[in-house]
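S.K.: Sequences are here, hints too, so could you generate the full structure?
Chains as they are written, first to last, in numbering that gives the first Met the number 0: chain A, 0 to 473; chain B, 0 to 384.
Just so you know, these hints were derived from the structure itself, not from any lab.
Don't take each hint at face value.
Straight-line C-alpha distance at most 20 Å; calculated PhoX-like pairs for lysine-lysine [claimed, not checked]:
#1 A:LYS199 - B:LYS1
#2 B:LYS112 - A:LYS380
#3 B:LYS20 - A:LYS199
#4 B:LYS120 - A:LYS421
#5 B:LYS112 - A:LYS199
#6 A:LYS207 - B:LYS120
#7 B:LYS1 - A:LYS207
#8 A:LYS380 - B:LYS20
A few chain A positions that, by computed beta-carbon distances, are all more than 12 Å from chain B [said to hold, decoys possible]:
#9 HIS91
#10 VAL92
#11 CYS305
#12 GLY352
Computed from a predicted model, the values in this text were never measured in an experiment.
Glycine residues also receive a C-beta, built at the ideal position from the N, C-alpha and C atoms.
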Amino acid sequence: MDASPWMDPFEDTLRRLRETFQVGHTRSAEFRAAQLRGLGRFLQDNKQLLHDALAQDLHKSAFESELSEVAISQGEVNLALRNLRAWMKDEHVPKSLATQLDSAFIRKEPFGLVLIIAPWNYPLNLTLVPLVGALAAGNCVVLKPSEISKSIEKILAEELPRYLDQSCFAVVLGGPQETGQLLEHRFDYIFFTGSPRVGKIVMTAAAKHLTPVTLELGGKNPCYVDDNCDPQIVANRVAWFRYFNAGQTCVAPDYLLCSPEMQERLLPALQSTITRFYGDDPQSSPNLGRIINQKHFQRLRALLGCGRVAIGGQSDEHDRYIAPTVLVDVQEAEPVMQEEIFGPILPIMNVRGVDEAIEFINRREKPLALFAFSNSSQVVKRILAQTSSGGFCGNDGFMHITLASLPFGGVGASGIGRYHGKFSFDTFSHHRACLLRSPGMEKLNAIRYPPHSPRHLRKLVVAMEARDCSCTLL
Amino acid sequence: MKDEPGSTNLFTKLDSAFVRKEPFGLVLIIAPWNYPVNLNLVPLVGALAAGNCVVLKPSEISRGTEKVLAEVLPQYLDQRCFAVVLGGPEEMGQLLEHKFDYIFFTGSPRVGKIVMTAAAKHLTPVTLELGGKNPCYVDDDCDPQIVANRVAWFRYFNAGQTCVAPDYLLCSPEMQERLLPALQSTITRFYGDDPQSSPNLGRIINQKHFQRLRALLGCGRVAIGGQSDEHDRYIAPTVLVDVQEAEPVMQEEIFGPILPIMNVRGMDEAIEFINRREKPLALYAFSNSSQVVNQMLERTSSGSFGGNDGFMYMTLLSLPFGGVGHSGMGRYRGKFTFDTFSHHRACLLCPAGLENLNDIRYPPYSDRVQQLTRWALGSQSCTLL
Numbered sequence: 000m001d002a003s004p005w006m007d008p009f010e011d012t013l014r015r016l017r018e019t020f021q022v023g024h025t026r027s028a029e030f031r032a033a034q035l036r037g038l039g040r041f042l043q044d045n046k047q048l049l050h051d052a053l054a055q056d057l058h059k060s061a062f063e064s065e066l067s068e069v070a071i072s073q074g075e076v077n078l079a080l081r082n083l084r085a086w087m088k089d090e091h092v093p094k095s096l097a098t099q100l101d102s103a104f105i106r107k108e109p110f111g112l113v114l115i116i117a118p119w120n121y122p123l124n125l126t127l128v129p130l131v132g133a134l135a136a137g138n139c140v141v142l143k144p145s146e147i148s149k150s151i152e153k154i155l156a157e158e159l160p161r162y163l164d165q166s167c168f169a170v171v172l173g174g175p176q177e178t179g180q181l182l183e184h185r186f187d188y189i190f191f192t193g194s195p196r197v198g199k200i201v202m203t204a205a206a207k208h209l210t211p212v213t214l215e216l217g218g219k220n221p222c223y224v225d226d227n228c229d230p231q232i233v234a235n236r237v238a239w240f241r242y243f244n245a246g247q248t249c250v251a252p253d254y255l256l257c258s259p260e261m262q263e264r265l266l267p268a269l270q271s272t273i274t275r276f277y278g279d280d281p282q283s284s285p286n287l288g289r290i291i292n293q294k295h296f297q298r299l300r301a302l303l304g305c306g307r308v309a310i311g312g313q314s315d316e317h318d319r320y321i322a323p324t325v326l327v328d329v330q331e332a333e334p335v336m337q338e339e340i341f342g343p344i345l346p347i348m349n350v351r352g353v354d355e356a357i358e359f360i361n362r363r364e365k366p367l368a369l370f371a372f373s374n375s376s377q378v379v380k381r382i383l384a385q386t387s388s389g390g391f392c393g394n395d396g397f398m399h400i401t402l403a404s405l406p407f408g409g410v411g412a413s414g415i416g417r418y419h420g421k422f423s424f425d426t427f428s429h430h431r432a433c434l435l436r437s438p439g440m441e442k443l444n445a446i447r448y449p450p451h452s453p454r455h456l457r458k459l460v461v462a463m464e465a466r467d468c469s470c471t472l473l
Numbered sequence: 000m001k002d003e004p005g006s007t008n009l010f011t012k013l014d015s016a017f018v019r020k021e022p023f024g025l026v027l028i029i030a031p032w033n034y035p036v037n038l039n040l041v042p043l044v045g046a047l048a049a050g051n052c053v054v055l056k057p058s059e060i061s062r063g064t065e066k067v068l069a070e071v072l073p074q075y076l077d078q079r080c081f082a083v084v085l086g087g088p089e090e091m092g093q094l095l096e097h098k099f100d101y102i103f104f105t106g107s108p109r110v111g112k113i114v115m116t117a118a119a120k121h122l123t124p125v126t127l128e129l130g131g132k133n134p135c136y137v138d139d140d141c142d143p144q145i146v147a148n149r150v151a152w153f154r155y156f157n158a159g160q161t162c163v164a165p166d167y168l169l170c171s172p173e174m175q176e177r178l179l180p181a182l183q184s185t186i187t188r189f190y191g192d193d194p195q196s197s198p199n200l201g202r203i204i205n206q207k208h209f210q211r212l213r214a215l216l217g218c219g220r221v222a223i224g225g226q227s228d229e230h231d232r233y234i235a236p237t238v239l240v241d242v243q244e245a246e247p248v249m250q251e252e253i254f255g256p257i258l259p260i261m262n263v264r265g266m267d268e269a270i271e272f273i274n275r276r277e278k279p280l281a282l283y284a285f286s287n288s289s290q291v292v293n294q295m296l297e298r299t300s301s302g303s304f305g306g307n308d309g310f311m312y313m314t315l316l317s318l319p320f321g322g323v324g325h326s327g328m329g330r331y332r333g334k335f336t337f338d339t340f341s342h343h344r345a346c347l348l349c350p351a352g353l354e355n356l357n358d359i360r361y362p363p364y365s366d367r368v369q370q371l372t373r374w375a376l377g378s379q380s381c382t383l384l
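M.R.: Here it is in structure tokens:
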């Protein structure tokens with residue numbers, strides 16, 4: 000059963016990329032570095048274009064675009080360029096007595112043809128940061144940007160390929176139907192960022208070809224606020240991370256857990272913070288984003304009906320504007336506590352202390368991020384110790400994801416695998432165990448051959464045991 | 000188990016950044032029949048060390064071991080967090096409908112797909128240790144007796160029922176001529192004139208596999224061995240020559256004491272042959288020239304690689320063991336097992352105060368602030384700060 004090219008728009012592209020990989024085009028460090036430098040030039044040459052596109056798609060301010068999209072991507076490019084050769088190097092490993100004279104190491108190899116499927120909320124960052132890792136690791140890459148963030152999609156499709164070697168890189172476009180078609184093909188690695196629902200579809204498709212995957216998904220990220228806190232400081236920190244990108248962030252604090260007493264102190268502090276950040280009329284602030292499209296706008300507007308609006312609550316359909324909002328008196332069964340919010344709405348649920356908060360959190364799916372605010376490091380450490388999540392931050396929001404030395408990924412329903420910095424390189428590499436022995440010195444092997452004896456067996460077991468010291472006398 | 004510290008940038012200099020290893024929760028380990036103690040217990044070690052609760056599903060085919068694992072092993076472990084479940088394919092299908100927090104599977108690629116598809120329904124991460132046909136290239140520049148010793152030992156160990164055994168040989172017709180007498184000599188040295196009576200040669204696990212292997216003896220031409228005994232499930236250490244690529248012995252993973260030899264006219268043809276096929280779990284290259292060995296390594300891919308020997312690397316716990324492509328995903332042994340069964344949670348603990356330092360990130364934004372922030376974010380490798 001052959002699909003004609005006009006029925007399958009991807010067949011030719013994929014074949015071309017596979018052929019390039021097979022001849023070894025992408026293997027050398029020089030080639031990979033050239034691709035990474037090309038990516039860096041793309042970011043520099045098109046910075047204004049990218050800022051304009053992000054403003055168009057999400058009403059991102061220049062500050063947000065620079066901080067969370069361009070600078071992060073550039074930083075990853077630079078990190079990869081600085082470390083490429085070190086990352087590519089064979090890792091030599093400790094040896095046993097039996098293998099002392101051998102060469103034992105782990106060789107990093109590209110998988111081959113990699114598919115990266117990216118979402119719309121940080122459409123530059125979440126496309127390019129995985130791409131850095133895939134290229135650094137020597138793969139050929141098919142990039143599928145989100146069709147929802149249309150302006151960035153256009154730039155990635157039209158401009159980005161000009162900066163990369165197009166025999167091993169392609170951008171493919173389309174919606175859910177095209178992505179489904181794409182996923183019928185065989186890839187050597189699939190990297191997906193998006194919702195858990197679509198994550199399952201991707202993993203099921205990958206299973207048909209035994210393709211390994213990284214799934215960066217989402218969830219409802221709990222934010223516990225202890226009574227022992229400075230409410231104004233907490234309000235600043237929570238609000239910044241909640242309303243950044245109009246709340247459309249997979250690692251944003253999704254809901255607050257605190258006592259009724261703390262809630263009373265937090266509400267005026269949050270109002271104060273929101274006014275400080277966005278002015279008296281947040282809709283006219285250049286620093287507040289907009290909802291990506293009508294579908295999500297309507298979804299979020301419906302959530303404003305949950306509980307009771309304590310702060311904000313305004314919306315404007317023509318502008319896809321939702322005011323920075325805080326909801327109180329929220330029930331667990333209401334939609335705002337059931338689905339990932341992904342908007343500038345912060346519900347507060349009341350709990351009577353740390354134990355109840357932990358119990359509430361652990362009844363639910365493991366989130367991508369978990370936050371705990373307290374002046375007491377004991378409380379913060381307890382929440383860390385008695386819960387699980389992709390990542391954790393004490394006394395702040397998702398700062399942890401800015402550190403390339405920390406892996407970024409989920410657990411349970413929030414995801415599989417991790418990346419950022421060297422973790423990206425490792426994600427897109429196969430770690431091949433290698434043992435190179437001498438073609439001679441056969442006498443040393445005699446003890447392993449049949450006919451066997453207990454004496455030989457004893458010697459063999461001793462020779463194979465792991466040695467913690469690298470004994471250079473041998 | 001210790002938290003691993005991470006380096007910080009200027010924004011996070013006063014914070015504590017580390018990776019915390021956490022158990023996933025409920026782990027399912029599905030094990031095969033060929034090394035039924037090893038392939039049950041070695042993953043179990045990692046799962047337990049990482050703090051998980053474990054459900055062990057040993058193979059129903061290796062009945063003797065299954066019984067011991069089901070009846071004796073639980074007595075040595077805390078049974079509130081460990082259980083052995085028994086059954087065949089139907090029971091396993093039922094088991095896989097449940098949600099686990101990690102699934103570790105060793106077995107065939109065909110069943111690997113079933114396991115991963117079931118895991119996808121619950122977004123359960125998996126390690127799949129699968130198989131394939133492991134090529135063994137033998138260069139002309141070799142001592143045939145040494146090669147024969149090494150290849151034969153790893154091929155006939157456990158009567159060939161080893162996922163990392165050399166599956167087939169690639170060599171020139173000239174090398175084949177030198178290898179055959181050497182292989183015969185080795186087989187006689189190892190197992191005597193009547194291998195069926197040697198205490199050092201294994202048997203085929205069951206009738207189904209015995210019949211399958213006996214049928215493979217009809218491929219190509221028997222150069223060494225070829226005898227079989229149904230009552231004993233015995234297959235003689237066998238070497239086949241004049242084998243065609245389309246024949247069954249070159250299509251399926253052999254998993255028995257049969258070694259087919261395919262002729263190639265040198266390293267390039269061998270590499271081209273290997274790369275036309277699925278990536279194997281293991282790949283072997285024998286040559287006196289380290290250049291040749293390195294070229295084979297460079298221009299192919301496989302789970303692991305052995306130069307001038309068979310799967311000796313399996314004895315080194317410092318090397319990860321796993322496949323690539325159809326031979327598997329993920330890896331284990333030693334610390335790699337612990338890491339496989341742990342979630343690596345990124346943690347950042349910030350001071351509750353010192354709010355002034357955060358002011359530069361809050362709106363309303365200014366250009367100068369933007370510059371400072373970019374610089375602060377990128378400052379990760381600067382230890383002066």
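S.K.: With reference to the structure, classify each hint as holding or not holding.
M.R.: Tested hints:
Under the criterion of a C-alpha separation no larger than 20 Å, the hint pairing LYS199 of chain A with LYS1 of chain B is inconsistent with the structure, at around 32 Å. About 40 Å separates the Cα atoms of LYS112 of chain B and LYS380 of chain A, which puts this hinted pair outside 20 Å; it is violated. Distance hint between LYS20 of chain B and LYS199 of chain A is unfulfilled; the C-alpha atoms sit about 25 Å from each other, more than 20 Å. Distance check on the hinted pair: LYS120 of chain B and LYS421 of chain A sit about 30 Å apart at the alpha-carbon level, beyond 20 Å; violated.
Restraint check for LYS112 of chain B and LYS199 of chain A: satisfied, since their Cα atoms lie roughly 14 Å apart, inside the 20 Å limit. Our distance criterion of 20 Å between C-alpha atoms is met by LYS207 of chain A and LYS120 of chain B, whose separation comes to about 14 Å. About 37 Å separates the Cα atoms of LYS1 of chain B and LYS207 of chain A, which puts this hinted pair outside 20 Å; it is violated. For the proposed pair LYS380 of chain A and LYS20 of chain B, the alpha carbon gap of about 14 Å is at most 20 Å, so the pair holds.
HIS91 of chain A, annotated as away from the interface, has a beta carbon of chain B within 12 Å; the closest lies near 9 Å. At the 12 Å boundary, the C-beta of VAL92 of chain A falls inside the reach of chain B, the nearest C-beta of that chain being 4 Å off. For CYS305 of chain A, the shortest C-beta to C-beta distance to chain B comes to about 27 Å, beyond the 12 Å cut-off, and the non-interface label holds. No Cβ of chain B approaches the Cβ of GLY352 of chain A within 12 Å, the least distance being about 18 Å, so the stated non-interface status holds.
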